[in-house]
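There are 2 protein chains.
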Amino acid sequence: DSGNFVPIDRLFNEELSVVDLAHLLESTPSKVRMFLWSFIDEIHQGDVLSYLNDEIRQALLGKMSAEEIVETTQDIESDDLADMLQQMPPEVSNRVLQLMPSDDRSEVEGLLVYPEDTAGGLMNTDVVAIRADVTVETVLRYLRKLELPDSLDMLWVTDRDSHYKGSLALPRLLTTAADVTIADIMSTTIKAIDAYADEEHVAQIFERQDLISAPVVNGEGILIGRITIDDVVDVIIENADHSILGMAGLDEEDDVFAPAIKSSQDRAVWLGINMATAFIAAAVMSRFEASIAEIVALAVLSPVVASMGGIAGSQTLTLIIRGMATGHVTRSNLSWMILRELGVGLINGSLWAIVIGSITVIWYHSFSLALVIAAAILVNICLAVLSGTLLPFILKSAKIDPALSGSVILTTLTDVFGFLTFLGLATAFLL
Amino acid sequence: DSGNFVPIDRLFNEELSVVDLAHLLESTPSKVRMFLWSFIDEIHQGDVLSYLNDEIRQALLGKMSAEEIVETTQDIESDDLADMLQQMPPEVSNRVLQLMPSDDRSEVEGLLVYPEDTAGGLMNTDVVAIRADVTVETVLRYLRKLELPDSLDMLWVTDRDSHYKGSLALPRLLTTAADVTIADIMSTTIKAIDAYADEEHVAQIFERQDLISAPVVNGEGILIGRITIDDVVDVIIENADHSILGMAGLDEEDDVFAPAIKSSQDRAVWLGINMATAFIAAAVMSRFEASIAEIVALAVLSPVVASMGGIAGSQTLTLIIRGMATGHVTRSNLSWMILRELGVGLINGSLWAIVIGSITVIWYHSFSLALVIAAAILVNICLAVLSGTLLPFILKSAKIDPALSGSVILTTLTDVFGFLTFLGLATAFLL
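Residue numbers (the working numbering), protein chains in the order written: chain A, 796 to 1226; chain B, 796 to 1226.
Derived by calculation from the structure, the hints in this document are not laboratory data.
All figures in this text were calculated on a predicted structure; none of them were measured in a lab.
Every residue, glycine too, gets a C-beta built ideally from N, C-alpha and C.
Among the hints, erroneous ones may be present.
[To be verified] Across the chosen pairs, the derived CB separations fall in these ranges:
#1 Q869/A x R900/B: 50 to 56 angstroms
#2 P896/A x T976/B: 31 to 37 angstroms
#3 P1054/A x V1150/B: 20 to 26 angstroms
#4 P896/A x V1150/B: 53 to 59 angstroms
#5 E872/A x M859/B: 44 to 50 angstroms
#6 R926/B x Q869/A: 46 to 52 angstroms
#7 S1127/A x S1163/B: 46 to 52 angstroms
#8 M859/B x P1054/A: 57 to 63 angstroms
#9 D956/B x E942/A: 30 to 36 angstroms
#10 T976/B x E872/A: 27 to 33 angstroms
#11 P944/B x D956/A: 44 to 50 angstroms
#12 L1137/B x G857/A: 45 to 51 angstroms
With the hints as constraints, model all of the structure from the sequences given.
See below:
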């Protein structure tokens, strides 16, 4: 009897599910994490690994020998294991593959062919295929002999040569008379996904059609696996993380609880890039030092002009990048978007030109300064929304990820436009 | 024969699925949208509606009479219909309810009790409940009499009084001998979700446990419905949209293809708030006009100091807000986070203080100006990461959504800190 304390290893393995354990490990600084990890029963470690985020999982695997990895991961689903192996140094993953039972090895090796971010990388090979010319009774008898995963929702119908032909939902099977032929109740609405299809495309198919699982075929249309919604949800969340964290130059695979030195390194590059852009804007401003020395109000008001452009531009940029990710905004409606955004720029530009002009009159008692800042605001907001619309398309054509670099490029543009228009107009008309 | 052209109405109803139609409508400016909508077969309109985003759907419903709404929505799932009714003016939704067949009405009215963003608002009432003391054979016979939805993956086990007791996956039912009792094969790992649980909490449960459906119970533990993964995926995507679009002051429910006037209104408030914060920063800067008039370099370098703080702070802010959303960052590890971020601030602050100080020496040939800017960079980056850590917690305690207002408050803080430290130190030491 340990008095009021629950022994930590009992607490760990009995009171918390593997999902809770994974979440707990992810919410813990790295030193404490290694300590907690050592308390997890070896039989549960593999399961916990499959729920951890990439960086943390690879760090834990990195401390194991190939033998321990094989031991720990023996109950992990083959698609998860393939992902882990793809992220290990080749000498370790090769050694792990050699040590695996040959059945498991050939299954995993089949999956390693496909990059992690394709349908093939997402799929599992636990498909149950049936033929269209058999009866419900035959299928039920066949299923009874198998070990079915709890997540099985569909059977796939194939021809003699394993070409995908259609699907049959389990509830349909349960409510149909025993002598009905599968061909009469199968559905053909679910199309097979090519193994090399991009994972974002897979996510869009699942979202739009509310699928729970989908068949994956190779180049010849032969059924080779199935993708389940849980893996698609992971893709959706990773994409969202990428969009959200990418805007701040962060990587969605990084450990949130990395120590200060590691975190500083992760973030330093982004700060450096932004410093460079800030100095570009500063260099533009410095061309007008003589004007500023004469009218100090220009120094005070310049950041206001730059910031209004930055906000207007980033609203458009965010809308366009998100619209591209969901597939709503494409080249086919780009010209409509440009016109609409130009309309927004003119309307909001005029509105805030009047407001900021009025504030400037009240503050600095100068009508000509107010006119200059109003003109600069209008021009800068229009340029900003145009840049925000075009930039994602230009970056995408250049194979640059707009979610990562869009905002920093846009801010540089709006700062430079802002300083140039405001200080340029001021130099021309006020001095 | 219409020659080379496919008649538009045939194309619409035969070649495109309802999902494709909904996506097409969402990707179209509002005028064209009404035109396309009129070509969709009335029997498909209801289905298309259920796949559209809120604003567009309500706009289309707003143009129909209560009678037409009842007609169009008769095949829509009850949870989707309840959501639509909750967003209509009360006089319309009451009229629609009155016109509905009484069975459907009482089902929908049961759902209207729960707010849209709770488990009750997400759930459907199409549950299949069985008792634990019957055999597999009895269940199979019972199911054969029902009309099961294709998406059914689990049966729920309840007691005599409908209290939730456990779950039974369909594959398990198919592979178990006919005379086995349900109690022996049911699972108790899936816990019931309270009808008033927040939808984000529901999404976390689904994510962590890789669920396809989950039972919903009322306050007495009585099974009243089930939530399916497709509705949870919508919640996950809406939350991601909210985080991504919210940072730019945009609403995830707005129509991406709204006309310019509507879009301008949607975005004007955010521009106004940001203008106010830009003027706060400008007011701080204007207190130092005398210093700037003497050393114009201060005007050129001030935005650099403010922007480095802004970037460092927003990196921390993004990380913390995202960590709070995923449940990794909580009050319990806040103090660790503060120390870690302070470490990051000191490391990156020192690094960029040295770099920016060196650039300043080269540019302006002034060692004292370089020292002042270096000190300001260090102080501002440290204050920025601290603000970025604490702000989301403070906002959350005040019931303000950090995803919406976090970045604008943070930027105001870092601008003000930046101008104050840099111009303050310069005034104290350089003049």
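Hints and how they fare:
The given range of 50 to 56 angstroms is respected by Q869/A and R900/B, whose C-beta atoms sit roughly 55 angstroms from each other. For P896/A and T976/B, the hinted distance range of 31 to 37 angstroms is satisfied, since their beta carbons lie about 36 angstroms from each other. The hinted range of 20 to 26 angstroms is satisfied by P1054/A and V1150/B, whose Cβ atoms lie roughly 23 angstroms apart. Distance hint for P896/A and V1150/B: a CB-CB separation of about 54 angstroms, consistent with the stated range 53 to 59 angstroms.
At roughly 47 angstroms, the beta carbons of E872/A and M859/B sit within the given window of 44 to 50 angstroms. For R926/B paired with Q869/A, a C-beta distance near 38 angstroms fails the hint of 46 to 52 angstroms. Restraint check, S1127/A to S1163/B: a C-beta distance of roughly 58 angstroms breaks the suggested window 46 to 52 angstroms. Checked against the hint of 57 to 63 angstroms, the pair M859/B and P1054/A passes, with Cβ atoms roughly 59 angstroms apart.
Remark: the range hint 30 to 36 angstroms for D956/B to E942/A is upheld by a beta-carbon distance near 35 angstroms. At roughly 30 angstroms, the beta-carbon separation of T976/B and E872/A lies within the given 27 to 33 angstroms, and the hint holds. Distance hint check: the CB atoms of P944/B and D956/A are about 33 angstroms apart, inconsistent with the given range 44 to 50 angstroms. Judged by the Cβ atoms, the range 45 to 51 angstroms given for L1137/B and G857/A is violated: they are separated by roughly 28 angstroms.
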